[in-house]
Amino acid sequence: MNAIEIRNLTKTFGEKRAVDSLNMTVPEGAIYGFIGENGSGKSTTEKLICGLIQPSGGEIKLWGKEHRDPEMRAKIGVLIEAPGCFPNYTVWNNMKLQAANLGIKNENEEIRRVLHLVRMDGAASNKFKNCSLGMKQRIGIAFALLGNPKLLVLDEPINGLDADGMRIMREILTDLSRRGVTVLISSHILGELEKIATHYGIIRGGKMLKEMTAEQLNADCPTYVALKTDEIEKTRDILQRAFGRADIDEQTGEIRVYNANAEDTAKYLFGNFGIAVSEIRTAKISLEEYYINLMQEERK
Amino acid sequence: MNANLKNSDFGKRLKTMLKVDARRMFTMPTVWIMLGVSLALPILILVMTSFMGGTTVNPQTGVEETVVTFTNVWQAIGSAGGAMSMVLTSMCNINLLYFLVAIFVCLFVGEDFRSGYVKNLFTVRSKKLDYVLSKTIVLFAASVGMFVLYFVGAMIGGGIAGLSFDLAAVGASAGGIIACMISKVFFALVFVSIALTLATVGKQKLWLSILGSLAAGMLLFTMIPMMTPLNSGAFNVALCVLGAPIFAVGLGAVSNIILNKTSLV
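Chains as they are written, first to last, in our numbering: chain A, 39 to 338; chain B, 4 to 268.
Among the hints, a few may not be true.
So the derived label-pair ranges between C-beta atoms look like this [unchecked claim]:
{"id": "1", "chain 1": "A", "residue 1": "GLY243", "chain 2": "B", "residue 2": "PHE224", "range": "26 to 32 Å"}
{"id": "2", "chain 1": "B", "residue 1": "LYS208", "chain 2": "A", "residue 2": "GLY243", "range": "54 to 60 Å"}
{"id": "3", "chain 1": "B", "residue 1": "ARG117", "chain 2": "A", "residue 2": "PRO65", "range": "33 to 39 Å"}
{"id": "4", "chain 1": "B", "residue 1": "LYS208", "chain 2": "A", "residue 2": "GLU271", "range": "58 to 64 Å"}
{"id": "5", "chain 1": "B", "residue 1": "GLY14", "chain 2": "A", "residue 2": "PRO65", "range": "55 to 61 Å"}
{"id": "6", "chain 1": "A", "residue 1": "THR251", "chain 2": "B", "residue 2": "ARG117", "range": "50 to 56 Å"}
{"id": "7", "chain 1": "A", "residue 1": "PHE51", "chain 2": "B", "residue 2": "MET55", "range": "42 to 48 Å"}
{"id": "8", "chain 1": "B", "residue 1": "ARG117", "chain 2": "A", "residue 2": "GLU317", "range": "51 to 57 Å"}
{"id": "9", "chain 1": "A", "residue 1": "THR50", "chain 2": "B", "residue 2": "ARG117", "range": "50 to 56 Å"}
{"id": "10", "chain 1": "B", "residue 1": "PHE238", "chain 2": "A", "residue 2": "PHE51", "range": "33 to 39 Å"}
Honestly, the hints are just simulated from the structure, not real lab data.
We treat Cβ as the ideally placed atom computed from N, Cα and C, and that holds for glycine.
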C-alpha cells in the first residue's frame, strides 16, 4: 500500500506554478528522499500533503484516502521549515501543548520518550528561543514524533545539525522505517540522504523529473575507475580516445574513466604509453553527482 | 501510544482543542497583563479624574467650559438612557474594555500563526471549526474575566476617590446594573468574533488584524451604550445574550471558510 499517492497536483501562486501536475508515489515504510533545487516546489508539495495550503488542482491520497480525512491526518508528524513552537515557552510546555493537541493520554511519559529519542532530555526546561539551531531542529523532530505518527514529513530536518546530530537522525529514521513508519524527507545534504533513503523523487520547476528506488539509483549510477598519474592531461586524452569518456576531478586530481576495468586500464597505460599509475580504485558516482548530472542535462 | 485524534468525534476534538487553548491562556503572560490592566484601569481613571473638575478655559475659543468628571461610581460602568456624548464619563468607562478584548484576541490568535504553531495544529486537524469554536469560547471566557475585574476595579477606585455609590442618582437600580453587566459581557462576544475573523484574515500580519479590529470597534463603539445602558432590562439582556452568540456563529462560519480556503503558513 502507498502511504502517499499524488496525481496531477498543481499549486499556483498568482501567475507562478509552484507545483505543476506533479505525480508522486511514496510506498508505506519507505524513506523517501525528496530532492530538488531551491524553489523547485519541495516545501510547497509537503505543505500541500499536510493540508497547510490548498491545492489548485489534482489529488493527494494518504493510505488510499483523501488527504483531508481526519483519520489520515491524525497519523502525520511534521517538521516543515522551522518547528512550530512558541518562543517564550519552555520546550516542555511547548511539547505539552502539542501532546494536548494530539489527545495523548500519558503526556509526560510520551514527551520524555521523544525527547530521549533525540537526546534532548536536558533541554526540557530551556526556553525555546534560547535553544541553538541544532537543538531546535532536534526538538522539531521530537515534536514530529509525538504520538507515534505513521507518516513523517520532514523538510530539511538535518540543516543545522552537527555530525552527532546527523548520526542520531539517521538512526532514528532508519529505526522508524523498520517499524513501518513512512518518512518523506527533503534535504540538500544528499550525502546524508543517500545513507538512509530507500526511494527518491527528484523535482524541478514543480514537476517530478524522476522517481526511483535506491536499487534503481544504484543501477543507474555508473561505476568508474579513478586513477592518479603524473601526466594528468596526457593520460586523460589517451583514456578518452580509448574508452570514450574520461574526466578530471578537479577536487581530487583524479582521472575518472567510465566503462573500464581498473587492472586493464593500468596495464593499457603502462604497456602502451609507459605511464605509471600511482593510485587506482573502482567507485560508483554518488547521489550528489547523479543529481548534478541530471540537473545539468535538464538545463541543456 | 498513538495520537488520539483519529476517529474522534466533534466533542472529543473540541475538548482537546479547548485543552490546548486553556493551557496557552494560563501560560501566556499577555493574559495576566490584560487581566491586570482591566483591574487597574478603572482605579487609575477614577482616582486621577477625581483631581479634575470645575471649569476650564478653552484656549482656542476662549470660552469657559465645565469639565464633566465622575461623581458617581456607576458612571464607570455606563450611563442610563443609552445616549453617548463626547464627555469623559461616556468615553472613559467600561466600554474601553472592548478595544482591549479585540487587541487581546488578535495577539492570542496572531501568535499561533507567527510562531508557526498552526503547522502543528492543522496538520493533524483537518476541521478548522474546532479551532474557531475553541478560540471563541476561551477568549470569551477571558473577556468575561476582564469585565468582572473592571467592575471590581471600578468599585475599588470609586471607594478610593470617594465617589457616590447612589444608584438612584444615575437613574439605575441593582437589577439594572446586573442586567447591564450581563449585556456588556455578552456583547463582548461580538468583539471577540470580529477580532477572531480579522485575525484569521491577517494571520502573521498582526498589525493588520489589530488595526482592522480597532476600526471595526470604532464603528460599534457608539452602539454599545444603546445596547447596554446602566438601566438595562430584560430586552437588553435578551438582545445581547441571544444576539451576540448568533452573530458569533455567523462570523465563526466566515472564519472557518477563511481558514479552509487560504494558506495557513
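Okay, the hints, checked on the actual structure:
The hinted range of 26 to 32 Å is not satisfied by GLY243 of chain A and PHE224 of chain B, whose Cβ atoms lie roughly 52 Å apart. For the hinted restraint 54 to 60 Å between LYS208 of chain B and GLY243 of chain A, the CB-CB distance of approximately 30 Å leaves it violated. Our hint of 33 to 39 Å for ARG117 of chain B and PRO65 of chain A holds, since their Cβ atoms are close to 37 Å apart. Checked against the hint of 58 to 64 Å, the pair LYS208 of chain B and GLU271 of chain A passes, with Cβ atoms roughly 60 Å apart.
Look at GLY14 of chain B against PRO65 of chain A: about 36 Å separates their beta carbons, and that is not inside 55 to 61 Å. Distance hint check: the CB atoms of THR251 of chain A and ARG117 of chain B are about 41 Å apart, inconsistent with the given range 50 to 56 Å. Roughly 56 Å separates the CB atoms of PHE51 of chain A and MET55 of chain B, a value that falls outside the hinted 42 to 48 Å. ARG117 of chain B and GLU317 of chain A have their C-beta atoms about 56 Å apart, which keeps the hinted 51 to 57 Å range intact.
One distance hint, 50 to 56 Å for the beta-carbon pair THR50 of chain A and ARG117 of chain B, is violated here, with the actual separation near 26 Å. About 51 Å separates the C-beta atoms of PHE238 of chain B and PHE51 of chain A, a value inconsistent with the hinted range of 33 to 39 Å.
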